[in-house]
Amino acid sequence: MNLLPPARRHLISIGDLDRAGIERILETAEGFESVMRRDLKKVPTLRGRTVVNVFYESSTRTSSSFELAAKRLSADTVALRASGSSTEKGESLKDTIQTISAYAPDVIVIRHPLVGAPAIAARHTDAHVVNAGDGTHQHPTQCLLDLHTIRRARGTVEGLHVAIVGDIMHSRVARSNIIGFRTMGARVTLVGPPALIPRGIEALGVEVSHEIGAISAADVVYVLRMQRERMQEGANYVPSLREYAALWGVTAARVRPDQMVMHPGPVNRGVEISSEVADSASSRIVDQVRAGLVVRMAVLYDLLTDPTGHDARGALRAVPAGLEVA
Amino acid sequence: MSERLFRAPASPADLLIRGARLVDPGVGVDGQRLDVRVRSGRIAEIGAPGLPADGADAIDAEGLTMLPGLVDPHVHLRTPGDEDEEDVESGSRAAAAGGFAAILAMPNTDPVVDCRPVLESLISTARSSAVVAVGFFAAISRGQRGAELVDMADLADCGAAGFSDDGHPVERAGLMRRALPYSRVTGLRLTLHEEDPSLTRGGQMHEGAVSAGLGLHGWPSIGESVMIGRDVQIARYEGVGLHICHVSAAESVAELRRARDLGVEITAEVTPHHLCLTDEAVRGLDPNTKMNPPLRAETDRAALIEALADGAISCVATDHAPHRADEKEQPFQQAPFGVIGLETAFPAVYTHLVEPGLVALETVVERMTAGPAAAFGLVPPRLAVGAPADLALWDLAAAFEVRPPYHSRSHNSCFAGSLLRGVCMLTVAGGAVAHRAVRAVAG
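Chains A and B supply the protein sequences, listed in that same order. Be aware that the first sequence starts at 1, since it is given in this note's numbering, and climbs by one per residue. Be aware that the second sequence starts at 1001, since it is given in this note's numbering, and climbs by one per residue.
If you are wondering where the hints come from, they were derived from the structure by calculation, not from laboratory data. Just so it is clear, CB atoms sit at the ideal spot from N, CA and C, and this is done for glycine as well. Please note that the accuracy of each hint is not assured.
As the list claims (entries may be wrong) - Simulated coverage check for chain A against chain B, where a stretch passes if three residues somewhere in it have a Cβ under 8 Å from a Cβ of chain B:
(1) 43-52
(2) 278-287
Stated by the list, open to error - Some chain B residues well away from chain A (every beta-carbon gap over 10 Å; in silico):
(3) VAL1027
(4) MET1152
(5) GLU1207
(6) VAL1210
(7) HIS1217
(8) GLY1218
(9) VAL1240
(10) LEU1285
(11) ARG1421
What the hints assert, rightly or not - Label-pair restraints from in silico Cβ distances:
(12) B:GLY1284 to A:GLN98: 41 to 49 Å
(13) B:GLN1032 to A:GLN232: 52 to 60 Å
(14) A:GLN232 to B:ALA1010: 22 to 30 Å
(15) B:VAL1379 to A:GLY15: 30 to 38 Å
(16) B:ASP1326 to A:ARG81: 21 to 29 Å
(17) A:ARG154 to B:GLY1284: 28 to 36 Å
From just these sequences and the hints, can you work out the full model?
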C-alpha cells in the first residue's frame, strides 16, 4: 500500500487533463445538471471545504460562477479582489498566496493578467490551484464548459469541425479550446488576420486560414473578441476595427442555421459578431454561461475527490448527492 | 594579463600539481599526463610525472584534467547599484568556482559605467576584492540611452575593456555609424547586444510553436539577425571590426558567415544555455528559463553548435545575469530576463556538447580561452612554462546536481536540478589560488 499522500492535483492548463479526465469531469457536470433542475439547488458534497477565489482581473461570468459553484456544493467561500487588498500595497503574488494558505483552504481559484501566475501560486500553497484565466495563456474551465455545451447540443465532440475565428493571439480561451477540442477528437481550423494568429500554432494540430469563407465548412463557429486591452499600443495587428469587421466579422450572411455559434463573452456586437447572429437560434452563448456553473462544480468536486475512489485526505469518496439520480 | 584587468593582491602560489592530464590546444597538449610546477605565481616547469616537490604544496591530480583558466567576455556583476544580487567579490568567486581566470563585466549598472568616476571606482573595488582578473566594459552611449556617445578615449585611457550598451541595443543606426569608427580611435572593440525593439517589444520568449501554445509574446529570431545585418553593413562601410554578444538564432549565424565572406572582422559569442537548452525548457513557465535573447528552437541550437565547432562563433560567454529570488518568483511574464552561469558554464558545455561528441574538448577549451582573449586583445591563458599561472583542475568523471549554495549571490540558474559532469577542483588565477574544492563529488 502506498502510504505517500497522492500528489496534489491542479487545473492550470487544459493539457493537465487527458481525454479520460475531461470525460470524467463532463460526466460529473452532466450529473450536476439534475441538481440544477431541483427546487433546492444545493448539495452537501463539499461541506467543510474552503474555496478561495483570488481575482486580479475583472470578471463577471467566471468569478460569479465559481463562487456559486462552491456554494451549491456547500463549501465555504472567500473572494479576494486585487483592488482594495494588500496587492495594491505592493504585496507580491507569492506573499498573497502564502497569506491565504495560512487559512488552509482546499482550493485556490486564481485569475491573473499575467501568464504563469497560477504556476507560481501552485509552488507556494498546499491547496489545489484552479486557473480561472492567466493572461493570454490558459482558461481551462472555459474549455470544459464549451465542451459541455457542445456535447449537450450535438451529443459528442468527436468528429466535429470547429472553426475558431478572431483574435487567437491574445486569447487564452483559444489556447485552451484548441487543446481541449483536439483531445476530444474534433478538427480545428483557426480563422483570422495574419498578425492575430501566432506563428507556430500549427504545432498544436490545427489548420489555419486567413479567409472568413473557411468557416462555412465548420459545424461549430467559435467567435473571439478583439482583446484590445492586451494589445500593444501601435502594434498594428489590423488597420482598424472597421476593416476587421468587414473582413472577419461573423455576420448572418456568413453562417448557416445548421451551424452552431459560440462566443466566450463579453461580446462586442458589430465587431467580431453581428447582433443578428449573436441573438439567433444558432447561438449557444447563453447556454455557455449556464454550463459554467455545473462544469465548475464538477471541477471542484473532481479536485477534492480522487477519481480512483479515495479523496486526497484518505476518506472514502462520497457519492455526490445528485449523481445517484442522474 | 594587462592593465585592462584588475584583481586584489594575493600571495603567489607555489604548487606542484602532479599527474593531471593537460589539455590546451594553444600549446598543443591534448591529454598528456604531466607534472606542473607553479613558482611565485608562474608556471615554472612542466615535465614528466615525478618532479620533486621542493617544498611546494603538492597536489595529487591523478585522474584530473588541467585546462587553462577560462575567459568570460560577458558577465553582469550588478555593481554599482544592485549589490544584493552580486558584486565584484561574489561574482569573481563564482567565476573562480567555474574555472575562470578572467571575466569582463557589462556596464548596465546603476549608475551606468559611462564616465571616469564610475569606472575608477569599479577598478578600485576590483583591486581590493576580485579573486580573478576582472575587466569592465564602458557604455557606448551616455546612460545607455542611445543618444550621445560617452567619452570613449577617456574611458579607454582609464582602463575600460571595451564598449557596450548591453542590456539594450543601439537602436539608431546613425549613432552606431558614429560609434563604430570612433572605437578604432580607442583601440578597443564594441560588443553589441543586437535587438530591434520594434520587432521584440513585449517579447517574452522565442517566437515559435512553444510561445504560440503558451500565449507568450514572441521574441522572434529576426529581431536579432536584422540588427546584426545592419551593424555588419555599417562596420563594413566604415572598415571597422566588431563583436556580437550572445548570438542565439540560426539567422544570426547566417549573418555572421556572410560578414566573414564580405571580409568584415567580426567575432561573436554564444552562451552555454543557448548551446544546451531550447524553448522546450520554457513549457513549465519557470522564470529561470527566461532570458534575453531567449532560448530558441532546436534548429537554432544546432546552428549555434555548428558555428562554435567551425569557428564562426569564436567565444563562449555566460551572460551571467544575477537576479534576486523574489524577482524570479514572480509570474513568468513579470519576471526579469537573465540567468546566472559562471559556475555551470564549462560543466554544461562539457555535458551537453563534449560528452555526446558534438564538439571536441580542445575546441571548447579554445572557445573559452584564446577565442574571447583574442576578441578583446587580452593575453590568452596558456599552460606554458613562463606564463602566469591561470589554470584550473577539473574532475571530468564526477557529476554534481546544480543547486544552492552557489558562490554567486543569486540563485537564478536555468540548469538548477539537472546533473552536470565536470567538477572544478582548483582554480589558479593570476598566479594565486582562487578556488579550491573541499572534496570531489562522486558521480
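For each hint, the structure was consulted:
no.: 1; hint: 43-52; verdict: violated (count 0)
no.: 2; hint: 278-287; verdict: violated (count 0)
no.: 3; hint: VAL1027; verdict: holds (47 Å)
no.: 4; hint: MET1152; verdict: holds (34 Å)
no.: 5; hint: GLU1207; verdict: violated (6 Å)
no.: 6; hint: VAL1210; verdict: violated (7 Å)
no.: 7; hint: HIS1217; verdict: violated (8 Å)
no.: 8; hint: GLY1218; verdict: violated (7 Å)
no.: 9; hint: VAL1240; verdict: holds (34 Å)
no.: 10; hint: LEU1285; verdict: violated (4 Å)
no.: 11; hint: ARG1421; verdict: holds (29 Å)
no.: 12; hint: B:GLY1284 to A:GLN98: 41 to 49 Å; verdict: violated (21 Å)
no.: 13; hint: B:GLN1032 to A:GLN232: 52 to 60 Å; verdict: holds (58 Å)
no.: 14; hint: A:GLN232 to B:ALA1010: 22 to 30 Å; verdict: violated (51 Å)
no.: 15; hint: B:VAL1379 to A:GLY15: 30 to 38 Å; verdict: violated (53 Å)
no.: 16; hint: B:ASP1326 to A:ARG81: 21 to 29 Å; verdict: holds (23 Å)
no.: 17; hint: A:ARG154 to B:GLY1284: 28 to 36 Å; verdict: holds (35 Å)
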